[in-house]
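Single-letter residue listing:
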Amino acid sequence: MLQRSALPQASRLAHHARPHHGRGHADHRDDPRPGANLYVEQKIANLGTNVFQVARTPFAVTDFNIIIKALKFKKIDVDDMRAIATVAQPAGKLAPPRVPPSGHDTATKKCRTSASPAKPQIWRTLTRARWSSGAISLPPKRSTAPMSASSANPFAAAISRDGSHRQVHSCRQR
Amino acid sequence: MQQLFLGTDPIGKSIRVGNDEFMVIGVMEKIGSVLGQDQDNFVMAPLPVFLRMQGIHTSLIINVKTSTENFELAQDQAHLVLRSRRHLSGKMEDDFFIGTKESYMALWRSISTAFFSVSSW
Chain A
91 MLQRSALPQA SRLAHHARPH HGRGHADHRD DPRPGANLYV EQKIANLGTN
141 VFQVARTPFA VTDFNIIIKA LKFKKIDVDD MRAIATVAQP AGKLAPPRVP
191 PSGHDTATKK CRTSASPAKP QIWRTLTRAR WSSGAISLPP KRSTAPMSAS
241 SANPFAAAIS RDGSHRQVHS CRQR
Chain B
38 MQQLFLGTDP IGKSIRVGND EFMVIGVMEK IGSVLGQDQD NFVMAPLPVF
88 LRMQGIHTSL IINVKTSTEN FELAQDQAHL VLRSRRHLSG KMEDDFFIGT
138 KESYMALWRS ISTAFFSVSS W
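Protein sequences, first through last, are from chains A and B. Going by our numbering, the letters in the first sequence line up with residues 91 to 264, in that order. Going by our numbering, the letters in the second sequence line up with residues 38 to 158, in that order.
Do not rely on the hints blindly, as some may be mistaken.
Okay, derived cross-link-like pairs now, DSSO-like style, lysine-lysine, Cα gap no bigger than 30 angstroms in a straight line [to be verified]:
1) K138/B to K102/B
2) K159/A to K50/B
3) K165/A to K50/B
4) K102/B to K159/A
5) K67/B to K102/B
6) K162/A to K102/B
7) K67/B to K162/A
8) K162/A to K50/B
9) K128/B to K138/B
10) K164/A to K138/B
11) K67/B to K159/A
12) K102/B to K164/A
13) K102/B to K128/B
14) K50/B to K67/B
15) K128/B to K162/A
16) K128/B to K164/A
17) K164/A to K50/B
18) K67/B to K138/B
Restraint ranges, calculated between C-beta atoms of paired labels, are given here [as the list claims (entries may be wrong)]:
19) T152/A to V61/B: 38 to 46 angstroms
20) T152/A to G49/B: 25 to 33 angstroms
21) F154/A to F79/B: 37 to 45 angstroms
22) N155/A to A151/B: 24 to 32 angstroms
23) N155/A to N78/B: 29 to 37 angstroms
24) G44/B to I158/A: 16 to 24 angstroms
25) T152/A to K67/B: 48 to 56 angstroms
26) A150/A to F79/B: 13 to 21 angstroms
27) F59/B to G138/A: 22 to 30 angstroms
28) V151/A to V61/B: 34 to 42 angstroms
29) A150/A to D77/B: 16 to 24 angstroms
30) T152/A to G44/B: 42 to 50 angstroms
If you're looking for bench data, these hints aren't it; they were derived computationally from the structure. C-beta atoms are modelled at their ideal positions from N, C-alpha and C, and glycine is treated no differently.
Kindly produce the complete structure, drawing on both the sequences and the hints.
Written out as structure tokens, the structure is:
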């Protein structure tokens, strides 16, 4: 009993962390590293491989004022999720958004509008960012062939693939 | 699930969550507790159902899984899209947070380094 209580805290945490059963860390099953670092990595920061998290409040902070400040931020709603899903869909692991496409419906000859994700706006922002970084030159005229997918930006390729930005442009011209 | 169904197969049976009744279509592997908090006490429900239960004004936490080669790029794109949607100009700070496993670990390392340096001092 005396020996158990004399163990350092990190060793006790590692003792609890060893027989882990959980999601997404099967590759750490035989990890020989002891200590609290392993515990935090497998139990607390267990997001999985190649996963990032978007939230309104920070995930772990030491300053309570940051939490107070973050609670006043705008909430992350479904439209934000759909917008991220739209650009992240080529990454292949987010559920496809159930959003009616914006722009000009060629079948009904009507202008469709939806609250989100505002594909033309996203496309303009991405294009502007790529243009300002020098990755691309000025975009070609819209009457020419559809914009080709750039290998440097796979997300822009998916957005421009259906040509929705051009359809909305023609819609606004009316 | 172990307490609710007492060792029987819960698949296909119904449980009540709040005021709604759900049919169990799968169970997760047991996780255990983290810092004294049980991590197995959760349900996964379709997003529209969750929004109906919690209200559409609930702030969401979005987990995005990407491929390895697109990981940094996807973060940049999500950052860009959210800034665009929130009309944040170049000088304005982000009103959201993007975190990864490495950010957790970096925070833990800073805390543990300070803790162990103080305890050894």
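**Study point:** Unsatisfied constraints (hint numbers, rising)
**Key:** Going through the list in order, the structure violates hints 2, 3, 7, 8, 11, 17, 20, 21, 22, 24 and 25 and respects the others.
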